[in-house]
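Enquirer: Here's the letter readout for the chains.
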Amino acid sequence: MLQCSNKNLLEVSYILSLKNLILSRDGKKILRGVNLEVGDREIHSIIGANGAGKSTLAYTLMGLQGYEHEEGSIIFDGEDVAVLSITERAKKGITLAWQEPARFEGLKVRDYLAIGAKGNGGITEEEIKEALRKVDLKPEKYLDREVGEALSGGERKRIELASIITMKPKLAILDEPDSGIDVVSLKEIVSLIRALKENGSSVLVITHREEIAAASDKASLMCEGSILRSGDPLEISEFFKNRCIPCDNRVSPPKVV
Amino acid sequence: MTQITLNALSREAEGITAAYTAAGGDTAVLHDHGISSLVISGNKVLSANATEGIVLEKKETEHGVDIKLTIKKGSKIPLPVHLCFGVVPKDGLQEINMDFVAEEDSAVELIAHCTFPNAEKVIHKMDAEMLIGKNASLKYTETHFHGSHGGIQVIPKAHIKIEEGGSYYTNFSLLSGRVGYLEFDYSVDAEKDSICEMVTKVYGKADDMIKILEKISLNGENARSVIKSRLAITDNAISEFRGITEGHAPRARGHVDCMEVIQGNAKAEAVPIVRVDNPLAKVTHEAAIGCVDKKEVETLMARGLEEDEAIDIIVKGMLA
Ligand SMILES: Nc1ncnc2c1ncn2[C@@H]1O[C@H](COP(=O)(O)OP(=O)(O)OP(=O)(O)O)[C@@H](O)[C@H]1O
Ligand SMILES: [Mg+2]
Numbered sequence: 004m005l006q007c008s009n010k011n012l013l014e015v016s017y018i019l020s021l022k023n024l025i026l027s028r029d030g031k032k033i034l035r036g037v038n039l040e041v042g043d044r045e046i047h048s049i050i051g052a053n054g055a056g057k058s059t060l061a062y063t064l065m066g067l068q069g070y071e072h073e074e075g076s077i078i079f080d081g082e083d084v085a086v087l088s089i090t091e092r093a094k095k096g097i098t099l100a101w102q103e104p105a106r107f108e109g110l111k112v113r114d115y116l117a118i119g120a121k122g123n124g125g126i127t128e129e130e131i132k133e134a135l136r137k138v139d140l141k142p143e144k145y146l147d148r149e150v151g152e153a154l155s156g157g158e159r160k161r162i163e164l165a166s167i168i169t170m171k172p173k174l175a176i177l178d179e180p181d182s183g184i185d186v187v188s189l190k191e192i193v194s195l196i197r198a199l200k201e202n203g204s205s206v207l208v209i210t211h212r213e214e215i216a217a218a219s220d221k222a223s224l225m226c227e228g229s230i231l232r233s234g235d236p237l238e239i240s241e242f243f244k245n246r247c248i249p250c251d252n253r254v255s256p257p258k259v260v
Numbered sequence: 004m005t006q007i008t009l010n011a012l013s014r015e016a017e018g019i020t021a022a023y024t025a026a027g028g029d030t031a032v033l034h035d036h037g038i039s040s041l042v043i044s045g046n047k048v049l050s051a052n053a054t055e056g057i058v059l060e061k062k063e064t065e066h067g068v069d070i071k072l073t074i075k076k077g078s079k080i081p082l083p084v085h086l087c088f089g090v091v092p093k094d095g096l097q098e099i100n101m102d103f104v105a106e107e108d109s110a111v112e113l114i115a116h117c118t119f120p121n122a123e124k125v126i127h128k129m130d131a132e133m134l135i136g137k138n139a140s141l142k143y144t145e146t147h148f149h150g151s152h153g154g155i156q157v158i159p160k161a162h163i164k165i166e167e168g169g170s171y172y173t174n175f176s177l178l179s180g181r182v183g184y185l186e187f188d189y190s191v192d193a194e195k196d197s198i199c200e201m202v203t204k205v206y207g208k209a210d211d212m213i214k215i216l217e218k219i220s221l222n223g224e225n226a227r228s229v230i231k232s233r234l235a236i237t238d239n240a241i242s243e244f245r246g247i248t249e250g251h252a253p254r255a256r257g258h259v260d261c262m263e264v265i266q267g268n269a270k271a272e273a274v275p276i277v278r279v280d281n282p283l284a285k286v287t288h289e290a291a292i293g294c295v296d297k298k299e300v301e302t303l304m305a306r307g308l309e310e311d312e313a314i315d316i317i318v319k320g321m322l323a
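Quick note, the sequences are listed as chains E and Z, same order. To convert, take the position in the first sequence, counting from 1, and add 3; that gives this note's numbering. To convert, take the position in the second sequence, counting from 1, and add 3; that gives this note's numbering.
No wet-lab data here; the hints were simulated from the structure. A hint or two may mislead.
Claimed, not checked - Distance condition first, Cα-Cα at most 27 Å in a straight line; then the derived BS3-like pairs of lysine-lysine:
| no. | chain 1 | residue 1 | chain 2 | residue 2 |
| --- | --- | --- | --- | --- |
| 1 | E | K200 | E | K121 |
| 2 | Z | K231 | E | K171 |
| 3 | E | K121 | Z | K297 |
| 4 | Z | K71 | Z | K195 |
| 5 | E | K94 | Z | K319 |
| 6 | E | K31 | Z | K231 |
| 7 | E | K111 | Z | K231 |
| 8 | E | K190 | E | K221 |
No experiment lies behind these values; they were computed from the predicted model shown.
Work out the full structure, taking the sequences as your base and the hints as a guide.
Expert: Structure representation (structure tokens):
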């Protein structure tokens, strides 16, 4: 018994560990050897310039079609998930909230939110309502609406986040949960991310907002397809703002003087 | 008042009411004397009930029934009128001729269930002439159930005339079981200030064949219309959609909207046609045929659904 607990104390437990992840799209190398570790119940933010490869990394982790990595490994909860389908990864506890959520004609919010909970033995109406309240949407107004054209971009983003709450994943990958959400609501997104953590999820959050990075336990800076640095969120934000030099309308690694 | 009561004990009534339930109908309404209804099995009228404000005449013919249904002037029928047409045996021919008139200022809702649960070699033809009088309104919902064999031909043809200020809403759906062969042909003449909305939703499988032709002529000033079609086809099914809207009068407004999803080896063709010969009329269209949206499928998979479950939800949503 004592040996067991010693072992746990010595090993830092990662829910996700990426080693040298390489991926090309249409012959262009986009992920150029990503190394990243996300701790259990850690809020880990990824920051970086437009086009750095952040969304691509998220899609690769979820296993979307066309995002099969060529080299490296994705170790999730102690297992390499490379050969698993999206569904199998989701069943193991990985899920993704898209930067631009899909629209579903004819699918009601209540049914959409129930889908993710199927794997955990279903969900009650009250739990669905609670999830909507957490993303600051009035349940009575939204439960029976369609997750389609008639919702605004911001409303769809909130519903996407609510669908993550009802799923209770081990790892929630959120691709810019703040985009399209008004500034006033940024605080709510932050508290939502914290709530996910409190409910037992680890959160990998891609963001351009300092407020979200600052609320993380750890941050990584992505640059031209690889992770340049990981560490304290404030230090990483500062480094990104002050040391990265724009180049080709993008941001390249700092020049070594 | 016309009244033939449904004899619940007859074999034929039993067969058709079971089929009616399978098609989504509630048989209680067929026994309720406060609700107008008409039940036809093959060429037999099994029951008929017309409440106040409705005149229902029917004549059995060699292969079907001729019906004349009139909603009297100014009558607003409070409860929907239920119609049930069916062929229970595995083969047969049914020809329904329908002459419908909604007189001036009347309003009615018709709910029809057409059911052919055992069809292996059945032909169902409907020929309808419908007149929606001045300021009258008709809402017509038709739900089909063709069983699982696909050995059926359904050929509904209707001409609808909507007089000044009248409105006509129709919703045709064939979503569960097989389609077989469907040849749908509706044409509408819409006069001044009238409204017409036609919705068709069909889910085709195996070697089903779906032909839909809908034509609306906006003849009167300020007449407005929408043709909306939602088709999903899979396996080797084929669909052909023609949605025609003609704007002939000032401020006539029309829109044709067809969305189809295809899977497997299915083939779809959608042709929206707009013709306008009055410079003040405006008719628009959109048509999209595609496979099920990849992001939608992947989103549902990322919530733990299998790919085919995800596709099923998306297709059913589109047809909802
Ligand atoms: N199919 C493709 N073929 C070639 N290049 C692609 C393809 N898809 C994406 N890219 C490129 O990959 C790079 C990374 O894109 P990605 O969407 O991952 O960036 P991002 O870091 O999420 O940016 P943003 O902050 O704008 O969301 C971009 O330069 C993009 O142009
Ligand atoms: Mg992105």
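Enquirer: It remains to establish, for every hint, whether it holds in the given structure.
Expert: Hints versus structure:
The straight-line distance between the Cα atoms of E/K200 and E/K121 is roughly 21 Å, inside the 27 Å bound, and the hint therefore holds. The straight-line distance between the Cα atoms of Z/K231 and E/K171 is roughly 39 Å, outside the 27 Å bound, and the hint therefore fails. For the proposed pair E/K121 and Z/K297, the alpha carbon gap of about 21 Å is at most 27 Å, so the pair holds. Simply put, Z/K71 and Z/K195 have alpha-carbon atoms about 26 Å apart, close enough for the 27 Å limit, and the pair holds.
Among the hinted pairs, E/K94 with Z/K319 is consistent with the structure: their alpha-carbon atoms are about 23 Å apart, no more than 27 Å. About 42 Å separates the Cα atoms of E/K31 and Z/K231, which puts this hinted pair outside 27 Å; it is violated. Note on E/K111 and Z/K231: the hinted pairing holds, with a Cα-Cα distance of about 20 Å set against a maximum of 27 Å. Distance hint between E/K190 and E/K221 is fulfilled; the C-alpha atoms sit about 18 Å from each other, no more than 27 Å.
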